[in-house]
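The hints should help you fit chain B onto chain A, whose structure is shown.
Sequence lines, in order, name chains A and B.
Basically my numbering = 1-based index in the first sequence + 109.
Basically my numbering = 1-based index in the second sequence + 109.
If you're looking for bench data, these hints aren't it; they were derived computationally from the structure.
Be aware that one or more of the hints could be misleading.
[As the list claims (entries may be wrong)] With a straight-line Cα cutoff of 27 Å, these simulated DSSO-like cross-link-like pairs (lysine-lysine) come out: (1) K215(B) to K240(B); (2) K202(B) to K379(A); (3) K379(A) to K263(B).
[As the list claims (entries may be wrong)] Residues of chain B clear of chain A, computed beta-carbon distances all greater than 10 Å: (4) D378; (5) G389; (6) Q395; (7) A434; (8) V496.
[What the hints assert, rightly or not] To list a few chain B residues with every Cβ distance to chain A over 10 Å, as calculated: (9) T208; (10) D212; (11) E413; (12) D427; (13) Q435.
Small disclaimer: the values here were computed from a predicted structure and weren't measured.
Glycine included, each C-beta is placed from N, C-alpha and C at the ideal position.
Each chain is listed here by its residues.
2 protein chains.
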Amino acid sequence: MSTTENSQQRPLEGLRVLDLTRALAGPYATLLLAGLGAEVIKLEDPVGGDLARDNSPYVGRDGVVVERRHADDISISHLTRARGKHGISLNLKHPEAKTVFADLVKGCDIVVENFTSGTADRLGVGYDAAKAANPRVIYCSLSGFGANGSEGGKAMDVIIQALSGAMYTSGAPGEPPVRMGVPMADMLAPVFAVIGILAALEQRHRTGVGQHIDVSMLGALTSFVAIENWSAMAAAGMPSRTGLTVQRLSPFGVFECADGYIALVAVHDKLAAGLFRAMGQVELLQHPQFATRDARVANATELEARINGWSRQLPVVDVVAALEAQGVPVAPVRHPEDALVDPRVMARNETMPIAHPSYSSDIDLRTAGIPILFSGARTGFDPVLPVAIGEHNSDVYARLTGYSAEQLESLKRQGVI
Amino acid sequence: MSTTENSQQRPLEGLRVLDLTRALAGPYATLLLAGLGAEVIKLEDPVGGDLARDNSPYVGRDGVVVERRHADDISISHLTRARGKHGISLNLKHPEAKTVFADLVKGCDIVVENFTSGTADRLGVGYDAAKAANPRVIYCSLSGFGANGSEGGKAMDVIIQALSGAMYTSGAPGEPPVRMGVPMADMLAPVFAVIGILAALEQRHRTGVGQHIDVSMLGALTSFVAIENWSAMAAAGMPSRTGLTVQRLSPFGVFECADGYIALVAVHDKLAAGLFRAMGQVELLQHPQFATRDARVANATELEARINGWSRQLPVVDVVAALEAQGVPVAPVRHPEDALVDPRVMARNETMPIAHPSYSSDIDLRTAGIPILFSGARTGFDPVLPVAIGEHNSDVYARLTGYSAEQLESLKRQGVI
Chain A
110 MSTTENSQQR PLEGLRVLDL TRALAGPYAT LLLAGLGAEV IKLEDPVGGD
160 LARDNSPYVG RDGVVVERRH ADDISISHLT RARGKHGISL NLKHPEAKTV
210 FADLVKGCDI VVENFTSGTA DRLGVGYDAA KAANPRVIYC SLSGFGANGS
260 EGGKAMDVII QALSGAMYTS GAPGEPPVRM GVPMADMLAP VFAVIGILAA
310 LEQRHRTGVG QHIDVSMLGA LTSFVAIENW SAMAAAGMPS RTGLTVQRLS
360 PFGVFECADG YIALVAVHDK LAAGLFRAMG QVELLQHPQF ATRDARVANA
410 TELEARINGW SRQLPVVDVV AALEAQGVPV APVRHPEDAL VDPRVMARNE
460 TMPIAHPSYS SDIDLRTAGI PILFSGARTG FDPVLPVAIG EHNSDVYARL
510 TGYSAEQLES LKRQGVI
Chain B
110 MSTTENSQQR PLEGLRVLDL TRALAGPYAT LLLAGLGAEV IKLEDPVGGD
160 LARDNSPYVG RDGVVVERRH ADDISISHLT RARGKHGISL NLKHPEAKTV
210 FADLVKGCDI VVENFTSGTA DRLGVGYDAA KAANPRVIYC SLSGFGANGS
260 EGGKAMDVII QALSGAMYTS GAPGEPPVRM GVPMADMLAP VFAVIGILAA
310 LEQRHRTGVG QHIDVSMLGA LTSFVAIENW SAMAAAGMPS RTGLTVQRLS
360 PFGVFECADG YIALVAVHDK LAAGLFRAMG QVELLQHPQF ATRDARVANA
410 TELEARINGW SRQLPVVDVV AALEAQGVPV APVRHPEDAL VDPRVMARNE
460 TMPIAHPSYS SDIDLRTAGI PILFSGARTG FDPVLPVAIG EHNSDVYARL
510 TGYSAEQLES LKRQGVI
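If we strip away everything but chain A, and leave its shape as in the complex, we get (with noise of 0.2 Å):
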């Protein structure tokens, strides 16, 4: 696990979660509040465990594999997103469960569940189960529609992804949709949660009392995308949908090169003449159709195929350095490899290194870190990870609970923990 240097402290030290989320959009949540100093207590059934463990691919003794093929291979998605865990088994199914639950909630600040709607509650560990156990509990419920919406078909990335207009913003007019790479859905509802979770512990240290955070991919994603006004836009007659560039700015937006693709903007005149003066052209500044804003936009597609003309005929780093040296805005497409590896993201940690506990791999595994710097504390990891489930029975239980040695059998034995 990375740590910064820093020795400081983290600025949710001292809290305590307990978390009973699985696959994506749960364990970024409580990872976010890992990273920023939370003790995670990341709670799995003793069979099977978190499904993101059987996400291909995997790291171990062959290094990066795409089929599991030895016991201790772990799940490149699970080490990602199970850093700086503490692991414990609960088989939530089983009678007794009710009772270890309460226990658990009793030594916590924060529980944060991402099952289908309506399912915690059903196994007797929702809001309410909690909150007779600890009022000073915070509990986060993250879900595809809301926790107290009938589920409107299952909420996985790209069904979220299609109901919230967001594949529908890119592309161009008359072609598909665009299925986005990033699981934006998935993503952005945690940090919401998270904004929700924190929002409601400074509450509490108003009130004394604990509160049920509601956060759904779809709404989450859909107010993101409700931030242009799209009926607006379209009363307007400005085209919702424009492709790789924006012709009402142009020119704007996504050009080819010989080998590659860059993005610039040149909405203003100044950034135009030099936009002109590093094609060689600064004959087009005179031009009727290019002399003038209202001119690059009302030919906008005349003006995009000279710029295409001449950009691809140059490698991407010389149409760079040419914008760059006329002080145009401008910056490569970058493939995602080369974007993880930018010393200024490495740098400030918004990225950062992973590794299986017991191998090295030559392939550097790089993964989300927390993108926010604080000048009176430090971000990060513990070096902790939960590789079989239950990893920390012994010790969390003994701790939020005061289990003996003796009751933590039993419970084994029973097949509770």
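Then chain B, alone, in the frame of chain A:
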């Protein structure tokens, strides 16, 4: 302004934010704080104010228009992003501004700025100045590449999208990258900024002092991209971009209908059987190319062609109904205008209406709400908007700084406010 009917307190009530931000990223951060109950004081330059005031389209006495026609037309961007905020003016370039800024900061818990990196310090309104005035203040800087980094080019959303790798996670191999229509870089950094601010508030309860929070647009979006382990996937021979479908999970992704598109997920045997029944092609269950999960993945292109061959004949509504009847996860790919009025989303205030303070509109001006529900608190925006620059100068300056009417008049004459 719309608020919820709930009369409970909001989670961040009692906290005050001095908001120096402009454009989108910063104002969205303070919008979230306002919707969670903080008092937000939007500070604008007396001349011109926030750039977003000049964003087309506008709304006013003629309804929604592309170009401003009347003095009281308001940009819908401003109406959206300045909701629930009090407006004051201050010319930060005036020599007297530093004193006024310090007097304001004394009465605030939080300061947020998104100037180009280094500008706030140069103006004398950076963290050091704020801390000298109020050691408890939490000061958040939003920038393209980090508060202490040299600017690596202009940090516009499309530039950050290009650098982050996000553009290359969407689209099909061999096809161009995809510019996301939702300004993800502009929107994601402020969400992490709010997490940073709230985490620092929690720490302040322990330590009594504030700190500087530093969030970069590049880091926030790159950390999202980094949740997938791109290098490991490449090493395992798994393609990084796969277009509308994901063949290693086939059938999974977006398919074409006669009048639009749907997303479906039928990874497992049971779901695949449901799909084949919905298609009226139960014989595929026995077909050697499609009978098992491995076979379906191996023959994904052929399978996708068959699904599209069926779905293209039917309207979206029929394909969705047929798949739902078989329990197969499916959703229509909706346009943003349809997505924003989903009854579930409207009921939860995840999208909410806005209106010009004086004129009604035939167009549903629906925008982002706060996608978090609290059982013990409400969210929503106070019915306040800085229509004019410095709209709330008298009230806010009197409350926060105690300046007399004469002092304010003098500051105005000198061009300070």
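Each hint tested on the structure:
1. K215(B) to K240(B): It holds: about 9 Å lies between the C-alpha atoms, which stays within 27 Å.
2. K202(B) to K379(A): holds (24 Å)
3. K379(A) to K263(B): holds (14 Å)
4. D378: Holds, since 16 Å exceeds 10 Å.
5. G389: The claim stands: G389(B) keeps its Cβ more than 10 Å from every Cβ of chain A (closest is about 21 Å).
6. Q395: At roughly 26 Å from the nearest Cβ of chain A, Q395(B) sits farther out than 10 Å, so the non-interface label holds.
7. A434: holds (12 Å)
8. V496: It holds; V496(B) is separated from chain A by about 18 Å at its closest Cβ, greater than 10 Å.
9. T208: holds (24 Å)
10. D212: Check passes; 23 Å lies beyond 10 Å.
11. E413: Holds, since 13 Å exceeds 10 Å.
12. D427: holds (16 Å)
13. Q435: holds (12 Å)
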